[in-house]
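Can you build the whole structure from these sequences, using the hints too?
Chains as they are written, first to last, in my numbering: chain A, 1 to 351; chain B, 1 to 351; chain C, 1 to 351; chain D, 1 to 351.
Calculated directly from the structure, the hints in this document are not laboratory data. Backbone N, C-alpha and C define an ideal beta-carbon position, used for all residues, glycine too. Warning: the hint list may mix true and false statements.
Subject to a maximum C-alpha distance of 27 Å in a straight line, what follows is the list of computed DSSO-like cross-link-like pairs (lysine-lysine) [unchecked claim]: (1) A/K21 / C/K344; (2) B/K344 / A/K124; (3) D/K112 / B/K46; (4) B/K212 / B/K112.
Some chain B residues close to chain A (C-beta under 10 Å, calculated; not the full set) [what the hints assert, rightly or not]: (5) F78; (6) F116; (7) F220; (8) Y258; (9) A338.
4 protein chains.
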Amino acid sequence: MIVMKTDATPEQTAHIIKEIKRYGLRADVSNRTHRAVIGLVGDERKIPFAHFAALPGVKEVRMVETPYKLISREYTKFFREPSEHMVIEVGSTVIGGDEPVFIAGPCAIESKEQLFKIAEGVKKAGSNILRGGVFKPRSSVHSFQGLGATDVAEEALEWLRQAGKQFEMPVVTEVRGETQVDLVAEYVDILQIGARNMYDQDLLAKVARKEKPVLFKRHFGAGIEEFLSFAEYIAAEGNKSIILCERGIIPLGKGKDYTRYTLDLASVPAIQKETYLPIIVDPSHATGRRDLIFNMSCAAIAAGASGLMIEVHYNPGEALVDGQQMITPDELREIVDACQSIHKLVRAQQK
Amino acid sequence: MIVMKTDATPEQTAHIIKEIKRYGLRADVSNRTHRAVIGLVGDERKIPFAHFAALPGVKEVRMVETPYKLISREYTKFFREPSEHMVIEVGSTVIGGDEPVFIAGPCAIESKEQLFKIAEGVKKAGSNILRGGVFKPRSSVHSFQGLGATDVAEEALEWLRQAGKQFEMPVVTEVRGETQVDLVAEYVDILQIGARNMYDQDLLAKVARKEKPVLFKRHFGAGIEEFLSFAEYIAAEGNKSIILCERGIIPLGKGKDYTRYTLDLASVPAIQKETYLPIIVDPSHATGRRDLIFNMSCAAIAAGASGLMIEVHYNPGEALVDGQQMITPDELREIVDACQSIHKLVRAQQK
Amino acid sequence: MIVMKTDATPEQTAHIIKEIKRYGLRADVSNRTHRAVIGLVGDERKIPFAHFAALPGVKEVRMVETPYKLISREYTKFFREPSEHMVIEVGSTVIGGDEPVFIAGPCAIESKEQLFKIAEGVKKAGSNILRGGVFKPRSSVHSFQGLGATDVAEEALEWLRQAGKQFEMPVVTEVRGETQVDLVAEYVDILQIGARNMYDQDLLAKVARKEKPVLFKRHFGAGIEEFLSFAEYIAAEGNKSIILCERGIIPLGKGKDYTRYTLDLASVPAIQKETYLPIIVDPSHATGRRDLIFNMSCAAIAAGASGLMIEVHYNPGEALVDGQQMITPDELREIVDACQSIHKLVRAQQK
Amino acid sequence: MIVMKTDATPEQTAHIIKEIKRYGLRADVSNRTHRAVIGLVGDERKIPFAHFAALPGVKEVRMVETPYKLISREYTKFFREPSEHMVIEVGSTVIGGDEPVFIAGPCAIESKEQLFKIAEGVKKAGSNILRGGVFKPRSSVHSFQGLGATDVAEEALEWLRQAGKQFEMPVVTEVRGETQVDLVAEYVDILQIGARNMYDQDLLAKVARKEKPVLFKRHFGAGIEEFLSFAEYIAAEGNKSIILCERGIIPLGKGKDYTRYTLDLASVPAIQKETYLPIIVDPSHATGRRDLIFNMSCAAIAAGASGLMIEVHYNPGEALVDGQQMITPDELREIVDACQSIHKLVRAQQK
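Following this line, the structure appears as structure tokens:
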């Protein structure tokens, strides 16, 4: 990392960037404060630190030890307040701000009617971002693969855009493979990388380059260091609008399953100490149980999450995918109310 | 399980119990309602159901499928309200009632002065049960093993009793081995089975027979079914005053550890659906990180826990054991305040 | 699954296939025996079984319960011997036959010289397939990403092809993303899906359609059912030349790591009971320790594996990636010798 | 650790031991070579190293970093050959020697007839130690708890002793609780600590003091460092005759279970690098599947294990406990034959 002097000229900074490229690395320039800070993308050991330290305009050259340096507080403390969170704005919705955010909608979009009916319900219940799956990652090739596998894939994306417009919510959907990125990016406000694709560095880079906020889910087999190191793949493309999402990790394989995954809520404050990126929680996939969503939503917000992602259906029993973990709009309303109070209470105490 | 008629005579019930013994099983009789319900301890398949169904006074005979039947809602719904929680009273302290309970104190008792100073602190901070370790389970034979391994073992227990009396809190300490049970039971109000001893059925049975409440911690490698099945070993001795405690399970072994264990908070509401026993959470051992205790305490209560068990020291840096996870009495005060509000809020919504 | 009569005409079979498509599913036709067996790709519940059972030429219609039906023994027992293994031939090399197969080479191709020197070494040591990584999946965007990330990506693939030709071994390399499939398929004999991409169903389908054998690695977080269910994505494209590979699963996160992953060798015979596909083992990534490779190679073959995939370097200390788990060609020689004896011994006893 | 001079007098060594006690630690003296080496049991940081280094007869004072120092190669390299394994002799049976050892017998002793019939079978099949469970650890209080829970507990132990005598095999059984130690030690040659009791330091110490070999099983939730650190509790009592046993760790909780636990065979060579103690493998409990025992036995020996512990029944379907994982004496015969060959082959190559 190269910290420039406060009186460094733009030409001096440009020269540094050129030098970095000459050594085979890329530069990540942050200008939020009165001074420029330049992060290095690539193997820092290739850089002759002494050479850079001697260049005009350079205040100091520092090694950042962590593999997720561009998104780490260790790096950003040079141009942000140490306690500051990143705030991502999508239309009039703010993620990581003073209010928790509620992303809700159907697991899979099944029809225009189903989507609009659910969109209306979640809007009334207080949610502020609409989700809906088109390209569904499925464990079995023999199961329903979402409308993305049919010839109404693009139509489904169009419905999502329309529903977002009608009910005044930004929309998010998952991009499962590289060939879907261009199409999906045309229709949605936030691009989601699902848990199973967390390690897909080619997909991450391609999605990042769309310059839209990315909702990035932790793989159920990933440690926190890995999770952040792969978020770094997005940041390394110059896109820092990353919303992290905890959605449960592999449970202990001992006897009967009471929850589908183990919701690792302690990862929420632990991650918040490492990075300024906002983190939300998905209690639907984590528990797989409708009757646990209320408690685990409250717990997630109490743990410090900036929001929730919840699957909703007006009639969970009818859903083609994951019906047993869906809640109704009325149940969502209770969660929104309780979580707003808890969020306020916890943030007040933490100041 | 044998459900007696409402007009069954005590003699008829006594006859059933005799018959059960004749088949090599034991009887667990619940009389809370107008009718007696008799649980079977042992292999139900040895019982000729038709024979029992025909005995005078018997209303019906039912098979309970789960391995933790005596503590299951499936069993107790015959003599309790389905939504009812068990309330355990220790002196004037109530566990599982309308208020969350706060168990706090040092990890290990190091001296009378240390214990009394911490006891005073946690009392002022709002805690209502005092903890203090004497017989410490340790990973290394070369580490400090607690005062239990020295010749002041009994004195340390006496200090604990005195501190409880002086600051008006019931006291709890861990019993690590069978030979310690008689001694420890003389001095404390609640006997703790630590996580590492969860599977020790001989210890469980011996502790249960002391007829004092048992604080029973989940092993870090135990599934929920196992946890409850071993709690059943305590219940099978006729002791149903069991306080369950979630304290973190084995984390994913991927890279750097950010928390010591994975706090499985979804187990709290999941367990509460299975049993009427109260469950509390220990965020200290689960996270091993002082800076995460506030958030994870709030999250535990939001998840539905009936209380918390927290390690406190007036000077965490000085503690002989686990200093990095201790908080100060002042920090405890903030937790007590936030958790009382969250508990009220969540319970209100759930009614 | 639809089992045709032995005297069913090709026209009758063709009609069935047409009918299957009409219901929105695809057909997988196996003709190895005197009768055709038609597997269904898609949701079998959409099919009116009675309707199909009544069609001319149909002997019986059966439901296959498992999510990995096309590769299951339950399905193939209708056209294969129950104990039969699948044999995949690549040039003159046979995988799943009477001899174990040894896939060896550098983790990452670093230069033409490095590759040829290692290729010569592993050939002499007895290996029969050459591996070499070009598109490397890496945990950190800041680490060396393989020559695939440079402008000599295609050249590196060309070296691999040449080395294979010169030392008479088929060659295999990993395809990490969809956009690499066409390029890589031009140069290599076997396409590898790495552990991190196991869940990437779009990549799997695209690779499968290249009609070359696929080396398919188990994700470190995948259960056996998931592993086989994703192999089914390849089979569903009509490509059954799948070589499964066990390479270690997430270890218990308790204290110091002695091995990088936990090599799940019992999965080898367990998987062999489920499917006729051959399975090999990668002890290099599983253990991450050069000093354990010999023992774990022998153990893998004793467990019933059809071969091994091992990383080799003439000077492990020099390797740019994973040097600590590389062995030398001389060490490979000892493994080949011991494993050939063990393979013979174990197979003899099992007959 | 204190290394004495070769010409140190017994008086000088005795003085050192006295000094160690004065500082609150215990001494572990090894005299196998021409010089005494004194290990410290307790917290080494309490010892003034300079003071000890200056005492007469002392060659050097060294810190041993690992928590399992008394059983580590780091410690024993001062009085053993670095590559040397420990050999434990029980009667004429040798564990850790040139031949693999086969411990076999019923999971639970059900009757004298059952035990003798199985003992005869396993002897003929080539096994050299007889096992039989009396005090059974069980997951459910409602299941059969072994004859240890009945009034023929001592008789069952007597049968075991007689069967051992008649068929000329040393015998081993599990001690589950502290109160059973004295009784069991009267009857058997080797005392077993089961997986669930691995963390029970009070039981470990009590068993160790019986001065008989201890068969010490790894807990399914224990890392290797923990496993060895608890073996150290036995060694710290002066009993180094410890036979380690790998029996499977908690599997990934993803979907259907194909094996009961994950057999961690790489732990075998990894542990062998750390300690000179012999390690054996129990494939019966690890897999829970009769049809995998042959392969996993061969794999265990190939991985470097010094022996196997296998559950055998003449009619597995009849067994009261764990019938699905039992094999017959005939199946054991095949395992013994294959494993002896593999053991020879692997050891030859490793020299």
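Worksheet item: Looking at the structure, which of the earlier hints fail to hold?
Response: Violated: hints 1, 5 and 6.
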